[in-house]
Structures are given as C-alpha cells and as structure tokens.
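Trainee: Sequence:
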Amino acid sequence: MIKKNRQKRFFSNLFNNKNFKRMDFSFLFLSGILVIFGLLSLYSSSAIYAANKYADSFYFVKRQILWIFIGLGFMAFASGVNYRKLRLFIKPAILTAIALLIITLFCEPIAHVRRWIPLGFMNFQTSELAKIMIIIYFADYFDRNISKIISNWKALLEPMAIFAAILTLITMQPDLGTPAIIFIVALLIFFAAGLKKRHIIIPILAMTPLFIYELFAHSYRLERIKVFLSPWSDQTNAGYQIVQSLLAVGSGGWFGKGFGASQLKLMYLPEPHTDFIFPIIAEELGMFGGMAVVSLFLILLLKGIKIAKTANNLFSSLLTLGLIFSISMQAFFNIAMTIGLIPTKGLPLPFFSYGGSSMVMSLMAIGIILNISAQRRVS
167 MIKKNRQKRF
177 FSNLFNNKNF
187 KRMDFSFLFL
197 SGILVIFGLL
207 SLYSSSAIYA
217 ANKYADSFYF
227 VKRQILWIFI
237 GLGFMAFASG
247 VNYRKLRLFI
257 KPAILTAIAL
267 LIITLFCEPI
277 AHVRRWIPLG
287 FMNFQTSELA
297 KIMIIIYFAD
307 YFDRNISKII
317 SNWKALLEPM
327 AIFAAILTLI
337 TMQPDLGTPA
347 IIFIVALLIF
357 FAAGLKKRHI
367 IIPILAMTPL
377 FIYELFAHSY
387 RLERIKVFLS
397 PWSDQTNAGY
407 QIVQSLLAVG
417 SGGWFGKGFG
427 ASQLKLMYLP
437 EPHTDFIFPI
447 IAEELGMFGG
457 MAVVSLFLIL
467 LLKGIKIAKT
477 ANNLFSSLLT
487 LGLIFSISMQ
497 AFFNIAMTIG
507 LIPTKGLPLP
517 FFSYGGSSMV
527 MSLMAIGIIL
537 NISAQRRVS
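Using my numbering, read the sequence shown as starting at 167 and increasing by one per residue.
Derived by calculation from the structure, the hints in this document are not laboratory data. Among the hints, a few may not be true.
Heads up, simulated PhoX-like pairs for lysine-lysine below, C-alpha to C-alpha not over 20 Å straight-line [unchecked claim]:
{"id": "1", "residue 1": "Lys257", "residue 2": "Lys187"}
{"id": "2", "residue 1": "Lys362", "residue 2": "Lys320"}
{"id": "3", "residue 1": "Lys314", "residue 2": "Lys392"}
{"id": "4", "residue 1": "Lys362", "residue 2": "Lys187"}
{"id": "5", "residue 1": "Lys392", "residue 2": "Lys511"}
{"id": "6", "residue 1": "Lys314", "residue 2": "Lys362"}
{"id": "7", "residue 1": "Lys320", "residue 2": "Lys257"}
{"id": "8", "residue 1": "Lys363", "residue 2": "Lys320"}
{"id": "9", "residue 1": "Lys392", "residue 2": "Lys187"}
Using the sequences and the accompanying hints, generate a full structural model.
Mentor: Okay, structure coming up:
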C-alpha cells in the first residue's frame, strides 16, 4: 500500500508544472514560425518531385505534418514534465541510446549507410536521439560532479568514455557531420560548465586522430573536400549538387522569383526537400528570404541563451545551452554547406528539411527549453 502511494505521488509530481504561466511564450511563438515557414518551404520544394514520383504533390507535406504532430506531443510532454524527477533515469537513457546506435549498425542499409532503424511507419535516425541524450547526460553529470572534476581529472573518465562511444558508433554508420556537431556542442558545454582549459584540450587531441582517419578512410570524403575547394571544376559530376545549389541561391537576387517559382527544383537540384532546401528558399524569396531564415535561427539562439542565463541551476543552464546550440549550429552548418562555405554533409535544416527524426527530436528539445524557461529566476 505504501509502495503504491509512493508511485502515485511520483507520477503526480512528474507532471506537476506549477510555473506554466511563466513559460517563455515568445520562444514558443518563434519556434512555431519556424515550423510553419518550414512546412510552406517543404511544399514548394517538394510538390513537383512528389507529383512525379508518387502522383501526389502533397506526399511529403502530409508525412511531415504527421511528424510535426508527433513532435508536438513530445514537446508537450517535455514542457510539462517535472524534469528534475526524470534525472533519475538519465543513465539508463544514455545506455539505451548507445544500445540503439549499436542495433542501427546491424540494420539494412539505406542509401549505402546504416543510420536508421526501420519502424514500419518511419525510419528512426538513432543519432538524433543520441545527440539530445548526450547533452542531457553532460548537463546532469557536470551539475553533480563539477567540484570533483576540478580537483581530480579522473572524474572525467566516465563522461569521456560515454562521449567517445557515442561519437565512434555514429561515425561507423558512417556519418561525420552529426559527430562534428555533437563534438562542438560538447566543447561549448565543457566551457560553460567551468572546466579547465586542459580538460577541453584533451578531448580535442583525442578525437583528432579519429577524425583524420575517417577523413582518409572513405574516398568520397576527400572528393567532397576537392569539390568544396573547386566546385566548378567538376560541375557535371561530383560538384553537380553544390553547383546547382549555388545557381539557385545566386539566381534569387534580392527579392527572389516568387514563392513556388523556383526553376532549379525542376529536377535540376537533387531532392531539394531534404538537406538542400535552403537554396530553394533563397531562389524563391531572394536574399531577404534567406536572411529571414538565418535571422529566425539567430533570434532563437539568443532567446535560448537568455533562458540559460536565468536558469535556476547549473543543470538547467547547461541543458538549455546544449540544446539551443545543437539546433542553431546545425542550421548554420546546413546553410553554410548549401552556399559553399563548408564541404557538403548530410545535415538537415531543422524544422525545414523533410524527415521525421529531426523534426520530432527538435520539437522535443524546444519543449525541454520551454520547461526550463518556466522554472527560471525572475529578476
């Protein structure tokens, strides 16, 4: 009887968010604008391709709406739950994420890579879950052990082992873009947590050989670097996609050709509804449309940093910083890739690119940040 009463109290407190009215609704509104803007952009970029391939111009939009609703469910859960209670399950959750990454390596490859676990109604990209879980794990670990770490470097062995395992497993899929994002975000968390410089330099030195090995182990990665340095030298083969992307961005001018009027999406730019959706936005809405997308993500980042600064404990602050940097940095990397500032990588544009895993996990991250905003200090 006592055990049942404890369980009832636990679950009652688990979903008891008394500070809902203090939630940052401007952050929620901005996230909603990104989702709606992304859905409109997805329709414009995918309608003709979907009509030709599936005889339904709304094929990708309808599926994306499904992911949005699922993501909103996760966001509602994450924003309403008592996240302090969930800290009890962080270690089992991070171990589950590692197990899922291992299972992914034994799944049937899709487009010659093993990044997804087929669930029937969708292919779940496990690295998206691992990305969020490692941020949550680091935030919790540093909050509990920061004094131990500063006095004894051996306290870093456990998080570094988990960190290395996740990066290695994702790299084996193979995928180098997602580990790069996770690695940079992790370093930012280390810095924000107050770790000493040597604690930040050590993982850099440790991971550099793995990065160099992965770069040279796959010839297509070296090819991408060559294309990045000189895309026009092989514009009909390896450089075709980035050249078409640059043409789309350049042809948009200041104000664009008009919504839906892109010419490069007419089977010139390969699958423009996924990683290369930004060039279609820039072609149709011009430089102002492209800058609007960049500005929205920049404002989202600044608002997230503000929430982190006013968070009521180190765990909440580090968690917010990690999640908001993960979303915004991926967005900026994707945009930089499509305009030729960095080599091409398989990184979706959050809230815009077609894909269920990215949308669901991004919305869940927004929900966590909203939850933290409701608990923050009032100045």
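Trainee: For each hint, tell me whether it holds in the structure or not.
Mentor: Results of checking the hints against the structure:
no. : hint               : result
1   : Lys257 with Lys187 : violated (31 Å)
2   : Lys362 with Lys320 : holds (13 Å)
3   : Lys314 with Lys392 : violated (45 Å)
4   : Lys362 with Lys187 : violated (38 Å)
5   : Lys392 with Lys511 : holds (14 Å)
6   : Lys314 with Lys362 : holds (12 Å)
7   : Lys320 with Lys257 : holds (19 Å)
8   : Lys363 with Lys320 : holds (15 Å)
9   : Lys392 with Lys187 : violated (53 Å)
Going down the numbered hints, you'll see the structure goes against 1, 3, 4, 9, while the others check out.
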